[in-house]
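Engineer: Please construct the entire structure, taking both the sequences and the accompanying hints into account.
Heads up: the sequence lines are chains A and B, in that order.
Heads up: the first sequence begins at 1 in this note's numbering, then just goes up one per residue.
Heads up: the second sequence begins at 1001 in this note's numbering, then just goes up one per residue.
Since the hints were made in silico from the structure, they are not lab data.
Among the hints, erroneous ones may be present.
[Claimed, not checked] Examples of chain B residues toward chain A, derived with CB under 8 Å:
hint	residue
1	1063
2	1068
3	1069
4	1075
5	1077
6	1105
7	1106
Every residue, glycine too, gets a C-beta built ideally from N, C-alpha and C.
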Amino acid sequence: MGDVTKEQLLDFYKTMLTIRKFEDKAAELFAAGRLPGFVHLYSGEEAVATGVCASLTNKDYITSTHRGHGHLIAKGGQVDKMMAELFAKVTGYCKGRGGSMHIADVDLGILGANGIVGAGQPIAVGAAFANQYLKNDAVSVCFFGDAASNRGTFHEALNLASVWKLPVIFVCENNRFGISMNQKDHMNIVDVSQRAISYGIPGVTIDGNDVAAVYETAKDAISRARKGEGPSLIECKTWRHYGHFQGDAGLYKDAQEQEEWLKKDPILKLEEKLKVLKFAKDTELKEIQQQIQGQIDAAVEFAENSPEPSPEDVLADVYAP
Amino acid sequence: MTMALITYKEAVRQAMQEEMRRDENVFLLGEDVGVYGGAFGVSLGMVEEFGEERVRDTPISEGVIAGAAAGAAVTGLRPIAEIMFSDFITIAMDSLVNQAAKMRYMFGGKAKVPMVLRMPGGSGTGAAAQHSQSLEAWLVHVPGLKVVMPSTPYDVKGLLKTAIRDDNPVVFIETKTVYNKKGEVPEEDYVIPFGVADVKRVGRDVTVFATGVMVHRSLEAAEILAKEGIDVEVIDPRTLVPFDKETLVKSVIKTGKLIIVHEACKRGGFGGEVAAEVMESEAFDYLDAPIKRVAGKNNPIPYCMELEKSAVPQVDDIVNAVREIV
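Structural biologist: In structure tokens form, the structure reads like this:
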């Protein structure tokens, strides 16, 4: 358990719950046909983004994925601007140009969700190089899934990060599926962290549904990176509650396995822990839940009442002046 | 202005050196760009001046070279990334096309990606199909990228400086067969703005629009034709994106005839775009003959040097095309 305090655990709880409730709302809105495109939901994986981003500041960078809402919220993204982006409104993070898969805010250190699997790794390496070059003690964190570790960019990026000793932490969210393909069919190893050996960097596998474990492990890796001791790979075993995207029935998932993993829900686990440690009572947790639900509802209202982008602006910002 | 006679390659190197002295956030990365000096010796001696921190040898990993350049650019640096041969851009395409080119737009205008991807392009070295291509049309097609294709030492230096100072991803295609060609270049600092074509030869009978090495071949062809009393105007766009339509349209209005010359395969080449721009412009009414394209044949570049020559336009091909149209 290390030195995780009551305040930290409660903060983690609020962040994780914000992600969950944001995703529940996004699922509901999408199912009702109110959001264009598609949404890839992070529900079930909240402990990873929350535990990792707890040790980052706005000066640190992250690269995210198509399943990015959780990373953005954990890194300080505001739910109202995110929701407005999902609604394709001008008040959204990308003025309605990016949508769910491209939400970014460079000032918050968010270098973008990404529609291309495995594309964040080279970008995170470049940001880490900038940090090293500018000697500013900042780090970058690259979130990606198990299947992205099969991409060539993963290998190119880990290798370069290792030889240049860059301050970057590669965080694999192993949710066991690359879209529909089970990990056992898309790679011949059990632990993605084994791949670190090939690049001479530390690699560990942890329970990605235990926010305290994620926090402790990431904190050490981030601190090593800040001290100039180079990159790390952290594999967080987890499970996505929904399908690949909202609307995917998840036929490739084993029903029993799904049920078992739902029992290991990171938010339920944390609630139990908070109660066992007497850090919070049921009533206090309920209060937090209501408060966060209120924020999400307000975000939807903000998005609904925001103006649409204007078609005459379609060419704006293709190029910087 | 004091002029110095230097090679194209030296002009590229000087542009990088001067910009690196001017701005400490500019750095060079790529395969063997350090002590080795790059595959064509363009960066020879630079690591000695700037150190390994700013002249960075990378593993053979084009995906991460371009992607890391994008990542470093969006977080405050101004990388110059060298892709050893323009053919290898295929390996870097996701980082360039799906990431660097689109970041600013996707992020709602709240990012800038000041990076230059330098790469030698073109055939003529007997290096066969994977080290000789002219792929500029692919890149021109991608919104968010600027595409530069200089043909002379003067142009390459002034344009590379502009590219390095530009806040957008710039694909900078160097003409490898003219790396050792000399030309006059000012010793003082100068830049050439993007989107301004250069009339390399003024003429009144026919407009020849050419890129890269074809600028030189067109100028040679023009001298031959001059002896026959045909006065050729040669226009070098220098940058394909942004494109200086005005200079071309003006020239076609004057001559009434247009020949487009490029080394890249004719099918889907930039020449089609140029022709369409003219057809859609006020110059259409002044055309006295159909626009003609003299371009690479639609085959991979062969190894045998005689075959290689027949695959891309030579001086004679340009001369003949002009004779047919005049």
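Engineer: Hint by hint, work out which the structure violates, then give me just those numbers in ascending order.
Structural biologist: none
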